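*Asks:* Below are the chains, spelled out letter by letter.
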Amino acid sequence: DQQVKQNSPSLSVQEGRISILNCDYTNSMFDYFLWYKKYPAEGPTFLISISSIKDKNEDGRFTVFLNKSAKHLSLHIVPSQPGDSAVYFCAAWVFGNEKLTFGTGTRLTIIP
Amino acid sequence: ETGVTQTPRHLVMGMTNKKSLKCEQHLGHNAMYWYKQSAKKPLELMFVYNFKEQTENNSVPSRFSPECPNSSHLFLHLHTLQPEDSALYLCASSQEGRAGGELFFGEGSRLTVL
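Protein chains in written order, with this note's numbering: chain Z, 11 to 122; chain B, 5 to 118.
Hint data in this document are derived by calculation from the structure and do not stem from the laboratory.
Where hints are given, some of them may not hold.
Simulated pairs of lysine-lysine, DSSO-like, Cα-Cα distance not exceeding 27 Å [to be verified]:
| no. | chain 1 | residue 1 | chain 2 | residue 2 |
| --- | --- | --- | --- | --- |
| 1 | Z | 109 | Z | 15 |
| 2 | Z | 109 | B | 44 |
| 3 | B | 26 | Z | 78 |
| 4 | B | 40 | B | 26 |
| 5 | Z | 64 | Z | 15 |
| 6 | B | 40 | Z | 81 |
| 7 | B | 56 | B | 23 |
| 8 | B | 45 | B | 26 |
| 9 | Z | 81 | Z | 109 |
| 10 | B | 22 | B | 56 |
| 11 | B | 22 | Z | 64 |
| 12 | B | 56 | B | 26 |
| 13 | B | 44 | B | 56 |
| 14 | B | 23 | Z | 81 |
| 15 | Z | 15 | B | 56 |
| 16 | B | 45 | Z | 78 |
| 17 | Z | 81 | B | 45 |
| 18 | B | 22 | B | 45 |
| 19 | Z | 66 | B | 26 |
| 20 | Z | 81 | Z | 66 |
| 21 | B | 22 | B | 40 |
| 22 | Z | 81 | Z | 64 |
| 23 | Z | 78 | Z | 109 |
| 24 | Z | 15 | Z | 78 |
| 25 | Z | 78 | Z | 64 |
| 26 | Z | 15 | Z | 81 |
| 27 | Z | 78 | Z | 66 |
| 28 | B | 56 | B | 40 |
| 29 | B | 45 | Z | 15 |
| 30 | Z | 81 | B | 22 |
| 31 | B | 45 | B | 23 |
| 32 | Z | 109 | Z | 66 |
| 33 | B | 23 | Z | 15 |
| 34 | Z | 64 | Z | 109 |
Predicted model, so just to flag it, every value in this text is computed and none were measured.
Let's have the full structure, built from the sequences with the hints guiding it.
*Replies:* Here it is as structure tokens:
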């Protein structure tokens, strides 16, 4: 049973427009949600996180929204830049459990 | 020096070979992890070490054998692997108890089993 789901394997967005990546989860016990970004031939790097007690967290061009009632979170990137082209993983974490649960990833391509 | 270093970056081995993957972290963290990334699958947690003690073995076949000699080094010993074990193996580290569960990943070791 996949507890964290990213239903869109790929997404293409025009440079300068908004990119919206979605993630759904099933476990209501998750305390934190994280987004990781991965370039080819590199390991994932942490991008932004949000606590389950918040509904929004913003860091520069990146904003993560959390809708607990819908068990849904999204990552907004605006404006999108060519360097944002990568695979984005959604992950979730339960406090006290050192295990992060990852989604399958969404490949974002920014079109110049 | 990067935070988490993995060697080798690429490895090709036959099913009867024995090889090892190495991971080293320079971040002073006390928890280290092995993850497996296969195509079109979520990152799969394999092993967790906290303060050099293995705290999780996520039903990993015995042909994968981890070793954590100290809190900075982690190995994954490989023996009689199968072609379906071909994947990207990622090492990560974190500071146990740190809110948010943020992991710092290495660049990965791409393994191909022939």
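*Asks:* To test your reading of the hints: which numbers does this structure violate?
*Replies:* When the structure is compared with the hints, numbers 3, 11, 13, 14, 15, 19, 30, 33 turn out to be violated.
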